[in-house]
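Asks: Can you make the complete structure from the sequences, with help from the hints?
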Amino acid sequence: GLIQTRETIRLGRGQSLLDIGCGIGQYTPNFLERFSYVTGLDSSEDCLAVAKKNNDIINYVTGDAESFSLDYLYDTINLNMILEHVNDPVKVLINCKKHLADEGVIICQVPNSNSITRRLGVIMGVIDSINHMSEKEISFFGHQRTYTLSTLSRDCENAGLSVIEKGGLVYKPLPNEELLKISSNKSKDWIDKFLSALLEFGRDKPEDCAVSYTVCTH
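Take 22 as the starting number for the sequence shown in my numbering and just add one per residue.
Bear in mind the hints are in silico, worked out from the structure with no lab data behind them. All C-beta atoms, glycine included, are put in the ideal place defined by N, C-alpha and C. Heads up, a few of these hints could be off.
Only pairs whose alpha carbons sit at most 27 Å apart, straight line, appear in this in silico DSS-like list of lysine-lysine [what the hints assert, rightly or not]: (1) Lys73 / Lys119; (2) Lys202 / Lys226; (3) Lys187 / Lys209; (4) Lys74 / Lys112; (5) Lys112 / Lys187.
Quick list of simulated restraints, FRET-style, between CB atoms [what the hints assert, rightly or not]: (6) His106 / Ile24: 38 to 46 Å; (7) Lys119 / Lys207: 44 to 52 Å; (8) His153 / Glu178: 34 to 42 Å; (9) Tyr93 / Glu178: 34 to 42 Å; (10) Asn108 / Ile203: 21 to 29 Å.
Replies: What follows is the structure, encoded as structure tokens:
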């Protein structure tokens, strides 16, 4: 989550940011390092109550990603691990476009079903295809679809957006639980260096990374 947040800060524009699906605001306050006006939007009143308690500088508002309506145009709109959850991702992107300033960007990040981990899983017979969704992904995490870099770009273009940059984040050779085992007896300094290395190593291998992203404009 923090790696994706840092990427949005790196790729973002202007002084205002809208964080869609902010939840309890675990990462949203980090945007104040870069943006002077930050709004967090979520459909859960309970989550927002926690978020507001933890940070009263951010403007937290209740709303659904497909239908929210705010009287403000944002320089940067952040969709971090959101589009795989919603009923209609194109509808969400169209609604975000309405809230985007003229020179603004929408940054979309989704899990990449074409990642090294998933492709290895298919070869090993652990999953039947890269588009496999586990019971946990569906019922616990609420995933409705899988994405590759090309299908993410297609949804953005179908919403009338121009994709000006796309890529991948984090070359993850093993599933999270295996990486946690490897890191369990390592120092924080080693873990930080390892994560930075996975991020750097994946920069020119977008199709292989754990996360796919697009940067879009009007």
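Asks: A separate judgement is required for each hint: does it hold in the structure or not?
Replies: Now for the hints, and whether the structure bears them out:
no., hint, verdict
1, Lys73 / Lys119, "26 Å, holds"
2, Lys202 / Lys226, "25 Å, holds"
3, Lys187 / Lys209, "30 Å, violated"
4, Lys74 / Lys112, "31 Å, violated"
5, Lys112 / Lys187, "20 Å, holds"
6, His106 / Ile24: 38 to 46 Å, "19 Å, violated"
7, Lys119 / Lys207: 44 to 52 Å, "46 Å, holds"
8, His153 / Glu178: 34 to 42 Å, "26 Å, violated"
9, Tyr93 / Glu178: 34 to 42 Å, "25 Å, violated"
10, Asn108 / Ile203: 21 to 29 Å, "37 Å, violated"
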